[in-house]
Amino acid sequence: MGIELLVAAVKALIAIGMLLNLAGILGWVERKGSALIQDRIGANRAAILGFAGAGLVNTLLADPIKFVTKEDVIPRGVDRLLHTLAPCVNLLPVIVAFAAVPFGDRLRIGERAINLQAVELNVGVLFILAMTSMGVYGVVLGGWASNNRLSLLGGIRGSAQMISYELAMGLSIVAVVMTFGSLDLQEIVRAQGHNIAGWLPGWGIFYQPVAFALLLIAGIAESKRAPFDLPEGESEIVAGYFTEYSGIKYLMFFMTDFAEIALVSALLTTFFFGGWQVPYLTSQGFAFPWGTTVELPHLLVVLLQVGSYMVKVFVFCWFQVLVRWTMPRLRYDQLMWFGWKVLLPVGIANLLVTAAVFLLLQG
Amino acid sequence: MSPLVFFLLAIPMVLFSLGVVLARSPVRSALSLVVALFLLAAMFFQLDAHMIAALQVIVYAGAIMVLFLFVIMLLNLQQEPVEAARPAQRAIAVAFSVLFVLSVGLAALRGLPALPGPGVEGAVAGAFGSTEALAERLFTRHLFAFEVTSVLLLVAIVGAVVVARRLGK
Numbered sequence: 000m001g002i003e004l005l006v007a008a009v010k011a012l013i014a015i016g017m018l019l020n021l022a023g024i025l026g027w028v029e030r031k032g033s034a035l036i037q038d039r040i041g042a043n044r045a046a047i048l049g050f051a052g053a054g055l056v057n058t059l060l061a062d063p064i065k066f067v068t069k070e071d072v073i074p075r076g077v078d079r080l081l082h083t084l085a086p087c088v089n090l091l092p093v094i095v096a097f098a099a100v101p102f103g104d105r106l107r108i109g110e111r112a113i114n115l116q117a118v119e120l121n122v123g124v125l126f127i128l129a130m131t132s133m134g135v136y137g138v139v140l141g142g143w144a145s146n147n148r149l150s151l152l153g154g155i156r157g158s159a160q161m162i163s164y165e166l167a168m169g170l171s172i173v174a175v176v177m178t179f180g181s182l183d184l185q186e187i188v189r190a191q192g193h194n195i196a197g198w199l200p201g202w203g204i205f206y207q208p209v210a211f212a213l214l215l216i217a218g219i220a221e222s223k224r225a226p227f228d229l230p231e232g233e234s235e236i237v238a239g240y241f242t243e244y245s246g247i248k249y250l251m252f253f254m255t256d257f258a259e260i261a262l263v264s265a266l267l268t269t270f271f272f273g274g275w276q277v278p279y280l281t282s283q284g285f286a287f288p289w290g291t292t293v294e295l296p297h298l299l300v301v302l303l304q305v306g307s308y309m310v311k312v313f314v315f316c317w318f319q320v321l322v323r324w325t326m327p328r329l330r331y332d333q334l335m336w337f338g339w340k341v342l343l344p345v346g347i348a349n350l351l352v353t354a355a356v357f358l359l360l361q362g
Numbered sequence: 000m001s002p003l004v005f006f007l008l009a010i011p012m013v014l015f016s017l018g019v020v021l022a023r024s025p026v027r028s029a030l031s032l033v034v035a036l037f038l039l040a041a042m043f044f045q046l047d048a049h050m051i052a053a054l055q056v057i058v059y060a061g062a063i064m065v066l067f068l069f070v071i072m073l074l075n076l077q078q079e080p081v082e083a084a085r086p087a088q089r090a091i092a093v094a095f096s097v098l099f100v101l102s103v104g105l106a107a108l109r110g111l112p113a114l115p116g117p118g119v120e121g122a123v124a125g126a127f128g129s130t131e132a133l134a135e136r137l138f139t140r141h142l143f144a145f146e147v148t149s150v151l152l153l154v155a156i157v158g159a160v161v162v163a164r165r166l167g168k
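Residue numbers (numbering that gives the first Met the number 0), protein chains in the order written: chain A, 0 to 362; chain B, 0 to 168.
No lab work stands behind these hints: they were computed from the structure. All residues carry an ideal CB built from backbone N, CA and C; glycine is no exception. Check each hint, because a few of them may be wrong.
What the hints assert, rightly or not - Which chain B residues face chain A? A few, computed with CB under 10 angstroms, are given here: (1) R27; (2) F37; (3) L39; (4) M42; (5) L46; (6) A53; (7) L54; (8) V56; (9) I57; (10) A60; (11) A62; (12) L68; (13) I71; (14) L73; (15) S129; (16) T130.
All chains, please: the whole structure from these sequences, using the hints.
Laid out in C-alpha cells, this is it:
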C-alpha cells in the first residue's frame, strides 16, 4: 500500500513536471521562434554573469521573476473572488487532463509492473474531453469578472469559439475511438504497435488522416492561437479576456496557453503518431522488416519509448509555434463559418465513412 | 464508497447547492451549480460508474452550464433585487419542503436496500459501470427509448433554429 502510493505520487509528479517544464521551455521557443521567422535576434537582454544562454535566462528565470514581483492590479468594481479564481480555473483543467495521457509502456522493476501513465482510466478519452470543456470557464470568468467591455467581448468570443470547435474535436476523436475500439488512451497507443503490410508503422494517421487534420485545426482553435486568436485579438480588444490581469495571474493565463499547446500535441501524438511507440521497437528490442533483430535491455527500451513520446510532442509544439507566426488572423464570421460549415460536416462525413468501412470489413 | 469519501463529497455538494439558491449574483449562482454538478460527477466516479461521471462533466458541467453562463454574460445580469415572496408562494414552498424532508427522513429511517456495486454483497459483475456494459444495455434493451430521445433532441434543435430565424427578421 505504501509503495503503491509512492509510485502513484512519483508518476503524477513526473507527468506534471514534464508539462510545466515543457510550458516554460515553450515560452522560450515561442520568442526565439518568432524572432527566427521575423528575422530578428529575439530575447537576449537578461544575462547572468554575461551568460544569456540564447535567451533561455530571459524566459526561464527573468520572466517568471518579473511576473511574480509585479503589482497585482484588481480593477475597481469587480467581483474580487471570481477575478482571482478565473486564471486558476483556466490553468487547472489543462494540467489535470495530462493525468490520463500515457508517456510510456509498462516499466518492470523486479516483480512490479508500473504503467507509465499518471492515472489509469478506462474512459481516458472522455476524461480529456471533459477537462477541455471545463477550460471554457476560465475564459468566461476572466472576461466577465474584469468589469471591462473589451474583456467581456473577448470572453464571449472565446467561449463561443471553444464551444464550436469542441464539436469538431470530439468528432475527430470519436473516429479514432472507432478505429482502435477503446476509450483507454494506453490501449489506443498499444493498438498502434503493429506494422501495416510488414513495414509501415500502424499509427493512427495512416488509418484516420482526415481525423488528424480535424484534430490539429480544432486543437489550435481550442487553444485560441493564431489564426484563431480572436478572443485576444490585440488590434481590436487590447488582449481580450485577460486585459485586466497583471502579475502572477497574467502569468497563469500565459502558462495555460503553452500548457494547451502541449496538451494538443500530446493528443495528436497519442491518437495519430503511436504515442510512445518507436517504429519496429518491440518489448524485446528492434525487429526490422528486413529481418534484422537487435535485442535491447528492458530499461533501454522503456527509455527509448518515453524519449520517442517526448520528441513527438515537441515536434508538434514547434509546429504550432510555426503556424502561429505564419498565418494571419481570421475574421470572426470566417471563424464561425469554418467551424460549423466546414469542420463539422467533414467530421460527420469522416465518421460515416469510417463506420461504413468497418461494416464492410466485418462482412 | 467509504463514509469518509462520501462526506468529503456530500457536505460541499450540499453547501454549493445552497449557494445556487442563496447567492445574489447570477454568475456566482451558476458557478455554484457547476461545482455541485462536478462533485456529483466525483461521487459517480467513486461508485465505479466512470462513464457516467465523465458524461456528467461533459454534458452538465461542461456544456449546459457554459450556455447558462453565456446567456448571463450576454444579458449582463447584475445583482438581482430580492423581491418579497407572496404569502401563497411561501405557504406552498413550506408545504413542499416539509413533504420532501418527511419522505427522505422516512426512507432513511426504514433503511434503503443496498445498491448493487463493487464491494457490496451480491455485487454485479466486474464490468459494472464500464462503457461496454452501458453501451450494451443502451443499444439492446433500451434501443427504442434511445432513438426516440435522439429524435426529440433533433426536434428541439430544429425548433431552436426556427425560433432564432424568426427573431432575426
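How the hints compare with the structure:
1. R27: holds (7 angstroms)
2. F37: The hint holds - F37(B) has a Cβ within 10 angstroms of chain A, the shortest such distance being about 8 angstroms.
3. L39: Check failed: Cβ of L39(B) comes no nearer than 13 angstroms to chain A, outside 10 angstroms.
4. M42: violated (15 angstroms)
5. L46: violated (14 angstroms)
6. A53: holds (4 angstroms)
7. L54: holds (7 angstroms)
8. V56: V56(B) check passes; min Cβ-Cβ to chain A is 4 angstroms, inside 10 angstroms.
9. I57: Holds: closest Cβ of chain A sits about 5 angstroms from I57(B), inside 10 angstroms.
10. A60: holds (7 angstroms)
11. A62: Constraint on A62(B) satisfied, holds at 6 angstroms.
12. L68: At about 5 angstroms, which falls below the 10 angstroms cut-off, the nearest Cβ of chain A leaves the hint on L68(B) intact, so it holds.
13. I71: holds (8 angstroms)
14. L73: holds (7 angstroms)
15. S129: holds (6 angstroms)
16. T130: holds (6 angstroms)
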